[in-house]
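**Student:** Respectively, the protein sequence lines represent chains H and Z. Under our numbering, the first residue of the first sequence is numbered 12, with each subsequent residue one higher. Under our numbering, the first residue of the second sequence is numbered -10, with each subsequent residue one higher.
Any given hint could be a false lead.
Taking lysine-lysine and the DSS-like style, the derived pairs with C-alpha atoms no more than 27 Å apart in a straight line are [as the list claims (entries may be wrong)]:
(1) Z:K(-3) with Z:K41
(2) Z:K(-3) with H:K151
(3) H:K185 with H:K208
(4) Z:K353 with Z:K265
(5) H:K201 with H:K185
(6) Z:K(-3) with H:K185
These aren't lab readings, by the way, just hints derived from the structure by calculation.
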Amino acid sequence: MSGRITKSLANGRGFIPFVTAGDPNDEVSLEICKLLANRGASVIELGVPFSDPMADGVVIQRSSQRAIDNGVNLRRVLSIAEKLSSASTVPIVLFSYLNPLLRFGVEELCSAARSAGIDGILTVDAVDSEAEELSRVLAKHEMSLISLVSPTTSDARLENICRNARGFIYAVSKAGVTGASGSLSGDAEKLTAKVRKFTDLPIAVGFGISTREQVENVWKFADAAVVGSAIVAEIEAALAAGDTLAHVEALIDQLLPLQKAAHTHKVEGSR
Amino acid sequence: MNFEPNNKGYWGEFGGRFVPETLVAPLDELSEAFLASRDDPEFHSELAGLLKDYSGRPTALYFAERLSNELGGARIYLKREDLNHTGAHKINNCLGQILLARRMGKTRIVAETGAGQHGVATATVCALFGLQCVVYMGSEDIRRQELNVFRMQLLGAEVRAVDTGSRTLKDAINEALRDWVTNVADTYYLLGSALGPHPYPLMVREFQSVIGREARQQILESAGKLPDLLVACVGGGSNAIGLFHPFLNDAEVQMTGVEAGGRGAALGEHAARFAKGAAVGVLQGTRSYVLQDDDGNIAATHSVSAGLDYASVGPEHSYLRDIGRIKYDSVTDSEALEAFQMLSRTEGIIPALESAHAVAFAVKAAPKMSREQVMIVNVSGRGDKDVDAVRQLLNGGAK
Chain H
12 MSGRITKSLA
22 NGRGFIPFVT
32 AGDPNDEVSL
42 EICKLLANRG
52 ASVIELGVPF
62 SDPMADGVVI
72 QRSSQRAIDN
82 GVNLRRVLSI
92 AEKLSSASTV
102 PIVLFSYLNP
112 LLRFGVEELC
122 SAARSAGIDG
132 ILTVDAVDSE
142 AEELSRVLAK
152 HEMSLISLVS
162 PTTSDARLEN
172 ICRNARGFIY
182 AVSKAGVTGA
192 SGSLSGDAEK
202 LTAKVRKFTD
212 LPIAVGFGIS
222 TREQVENVWK
232 FADAAVVGSA
242 IVAEIEAALA
252 AGDTLAHVEA
262 LIDQLLPLQK
272 AAHTHKVEGS
282 R
Chain Z
-10 MNFEPNNKGY
0 WGEFGGRFVP
10 ETLVAPLDEL
20 SEAFLASRDD
30 PEFHSELAGL
40 LKDYSGRPTA
50 LYFAERLSNE
60 LGGARIYLKR
70 EDLNHTGAHK
80 INNCLGQILL
90 ARRMGKTRIV
100 AETGAGQHGV
110 ATATVCALFG
120 LQCVVYMGSE
130 DIRRQELNVF
140 RMQLLGAEVR
150 AVDTGSRTLK
160 DAINEALRDW
170 VTNVADTYYL
180 LGSALGPHPY
190 PLMVREFQSV
200 IGREARQQIL
210 ESAGKLPDLL
220 VACVGGGSNA
230 IGLFHPFLND
240 AEVQMTGVEA
250 GGRGAALGEH
260 AARFAKGAAV
270 GVLQGTRSYV
280 LQDDDGNIAA
290 THSVSAGLDY
300 ASVGPEHSYL
310 RDIGRIKYDS
320 VTDSEALEAF
330 QMLSRTEGII
340 PALESAHAVA
350 FAVKAAPKMS
360 REQVMIVNVS
370 GRGDKDVDAV
380 RQLLNGGAK
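Model the full structure from these sequences, guided by the hints.
**Tutor:** This is the structure:
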């Protein structure tokens, strides 16, 4: 299954949207994912809501809390993933903090995730040796642990992380939490160049990417751009009127150049 | 027996370093600086000088004769951490860490605070060394501890209110971590309890162990024997591990950590992480016992004492509990309030509400012990900060 991710990102100009599963509700969340797949998402990052998202900025914190208030838990996230994977070929990566996964049980989770058609899992607060068990069980179920690297990661550690990595490498563009920032720092390009020395896997750059200019900039040196908070902010902006899909679609129109990203995944049952 | 963690910061299955990748390098840098300081006599002599001349150590070990007589049973000694500069044990750790921060060349300090005691101690050491200081504090705690907010501001710190989650200590830690991850180059995170990612639990324990080292020597001098029982309150657990650690190899010394039993046994009504239904999880960088719901979200907690109002506990405590070396118990809000008044009345010592939990346990335990037996209760802080809140609770009939 990690092969699917790598293949989907193989041609560059990749687009990886993040949404919190179950925000504003399970049904609309699924429709957003289908829309994103339809509009050229190379991989979809499905966020598992958590009460204490310490690596996230305020936009994703609020989104996570809305989902929790709606009663969204890992089981319901898996159910959204399952519906998405039966309607689309887009690879799905769960994006989570460790505690909800531990509470669910790592073995049980990996087996349920595989059945739901999930390709990989990324844990924000468990990297390298702290994610060993999860990585091992994921591999047993033919899924990938997606590895994060940051501008502060040492070369020795980069080499080790890249050696064990599967699917793609998620390069954090800046030291900080998730959320929009005005300009992309030079750190991302430098980091991507370093990672390239250690792996042939696709490299995606995320954290703080919210404009078309930034996406195109990332495509000059990396394989894919991750856009999270900007999409989640649109979902939040549409809460009152309820026209969520129109909001997200308008953002994608702004974000992606006309010829769209390299891949368009087949989606059934989309509007 | 060896009570050291392994090189990844694990005591058994507890501890570790569960952080975003960006924080791994700064934590490595911190570990290195800490380990270097451990072997550096110059560091120790500078710290010892500050503890003595600035904070007023050693703190007294005081025989609470009237309290002992009133309860009947064990002779109760109080380790007077409330007599430290800034009024609590928190300064021990802050002095140690600020020296490290300076050695590392950091110019900006961030910290979290619950009751405000750690925030005040951090603001104090930053004033002492002329460093910029930002303290994160939950808005619920700000309401409960207004005076400490002003104190920090007087000391030159910026206090930032945290309005997310339960608006208490846990949320202040999240915010401090977010600040640190954003400003890693020049910022030092001065964590206040034996919590968080490696090396914090080990480092904070080392800086707080001065409590137990002094107490061990003092009790041998004044009682002529080792104590039969040590009692300390446990929020994150820094005052407790500081008192307990130097006695861990003395098999005859029993120890009880006292958690906040709050106002009931239901999840959300207390902060007793070791109570029935306890579960291991990962919160804020460390693997330990965590109060959580079935989905793995962190549970709300309640305690009359802001400093004990936290959903997890230091990993070393979890380990010592599981191997049976330390017992843990809890007392309720109202038992703590009674003990708060009792110590004030019998000894003329107003304890912090946190420390009142340890006193409340002693009130229950002492009568079951003999006059030949000796108990040390850690009075981790003084109660001035709580006087107004207690007045309102008693007038409002909180019991």
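**Student:** Next, verify each hint and record whether it holds.
**Tutor:** Checked hints:
1. Z:K(-3) with Z:K41: Violated. K(-3) (chain Z) to K41 (chain Z) sits at ~33 Å, over the 27 Å cutoff.
2. Z:K(-3) with H:K151: It holds: about 26 Å lies between the C-alpha atoms, which stays within 27 Å.
3. H:K185 with H:K208: holds, 20 Å
4. Z:K353 with Z:K265: It holds: about 20 Å lies between the C-alpha atoms, which stays within 27 Å.
5. H:K201 with H:K185: holds, 11 Å
6. Z:K(-3) with H:K185: holds, 26 Å
In the structure shown, a violation is registered for the earlier hint numbered 1 alone.
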